[in-house]
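If you read the sequence shown in this note's numbering, its first letter stands for residue 1, the second for the next number, and so on.
Source of the hints: derived by calculation from the structure; they are not laboratory data.
Incorrect hints may appear among the rest.
Claimed, not checked - Dumping the calculated DSSO-like pairs for lysine-lysine here, alpha-carbon to alpha-carbon at most 27 Å:
1) 38 / 62
2) 10 / 92
3) 18 / 38
4) 111 / 86
5) 97 / 86
6) 10 / 38
7) 92 / 67
8) 111 / 92
9) 97 / 117
10) 62 / 18
11) 62 / 97
12) 111 / 97
13) 117 / 86
Unchecked claim - For each label pair, taking beta carbons as the anchor points, the in silico distance ranges come out as:
14) 113 / 31: 49 to 55 Å
15) 87 / 15: 38 to 44 Å
16) 94 / 2: 37 to 43 Å
17) 115 / 10: 41 to 47 Å
18) 100 / 35: 41 to 47 Å
C-beta: ideal position from N, C-alpha, C; glycine also.
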Amino acid sequence: MSVITLYRWKSRGIGESKTVELRYYISSLDPDAEILGKGIRAHWGIENKLHHVLHVAYNEDKCRIGKDHGAENMSTVRRSVQNMVKLETSRKLSTSKKRTVASLNPDYRLKLLGISKTL
Numbered sequence: 001m002s003v004i005t006l007y008r009w010k011s012r013g014i015g016e017s018k019t020v021e022l023r024y025y026i027s028s029l030d031p032d033a034e035i036l037g038k039g040i041r042a043h044w045g046i047e048n049k050l051h052h053v054l055h056v057a058y059n060e061d062k063c064r065i066g067k068d069h070g071a072e073n074m075s076t077v078r079r080s081v082q083n084m085v086k087l088e089t090s091r092k093l094s095t096s097k098k099r100t101v102a103s104l105n106p107d108y109r110l111k112l113l114g115i116s117k118t119l
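Let the hints inform the model, and build the full structure from the sequences given.
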């Protein structure tokens with residue numbers, strides 16, 4: 001059994017103040033710094049890949065909705081939109097560009113939503 005204390009220093013930009021995050025991990029592995037470090041980095045690598053699109057393409061970090069269940073509801077909407085965008089593979093575009101095309105092109109928007117155009 002191992003208990004790991006991890007200090008992480010970060011700053012939001014050049015010239016901005018640095019903050020220190022303190023994280024604790026518990027592991028059933030033997031206390032080997034190299035192995036535990038790789039495990040922690042792998043965990044955050046997966047975490048970052050999963051949330052990177054939401055943070056970048058949807059500006060999730062800038063959202064200030066905090067009343068009642070607003071933040072949770074918007075997160076659900078963002079994930080639903082992201083899933084629809086990911087399922088649409090006819091165009092090789094980034095998430096942001098697909099959303100822009102959908103905002104300008106009603107036919108593509110219907111395609112993203114999975115609605116067939118009927119006459």
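Taking the hints in turn, this is what the structure says about them:
1. 38 / 62: Given pair residue 38, residue 62 is violated - Cα atoms ~31 Å apart, limit 27 Å.
2. 10 / 92: The given pair, whose Cα atoms are some 34 Å apart, is violated under the 27 Å limit.
3. 18 / 38: This hinted pair holds, its Cα atoms lying about 24 Å apart.
4. 111 / 86: holds (12 Å)
5. 97 / 86: holds (12 Å)
6. 10 / 38: OK: residue 10 and residue 38 at ~20 Å, within 27 Å.
7. 92 / 67: violated (37 Å)
8. 111 / 92: holds (15 Å)
9. 97 / 117: Holds: residue 97 and residue 117 sit about 22 Å apart, inside 27 Å.
10. 62 / 18: The hint holds at about 19 Å.
11. 62 / 97: holds (20 Å)
12. 111 / 97: Holds: residue 111 and residue 97 sit about 15 Å apart, inside 27 Å.
13. 117 / 86: holds (20 Å)
14. 113 / 31: 49 to 55 Å: holds (52 Å)
15. 87 / 15: 38 to 44 Å: holds (42 Å)
16. 94 / 2: 37 to 43 Å: holds (40 Å)
17. 115 / 10: 41 to 47 Å: Holds - the Cβ-Cβ distance for residue 115 and residue 10, about 43 Å, lies within 41 to 47 Å.
18. 100 / 35: 41 to 47 Å: Given a distance of about 44 Å, which is inside 41 to 47 Å, the answer is holds.
The structure fails to meet hints 1, 2 and 7 from the earlier list, while all remaining hints are met.
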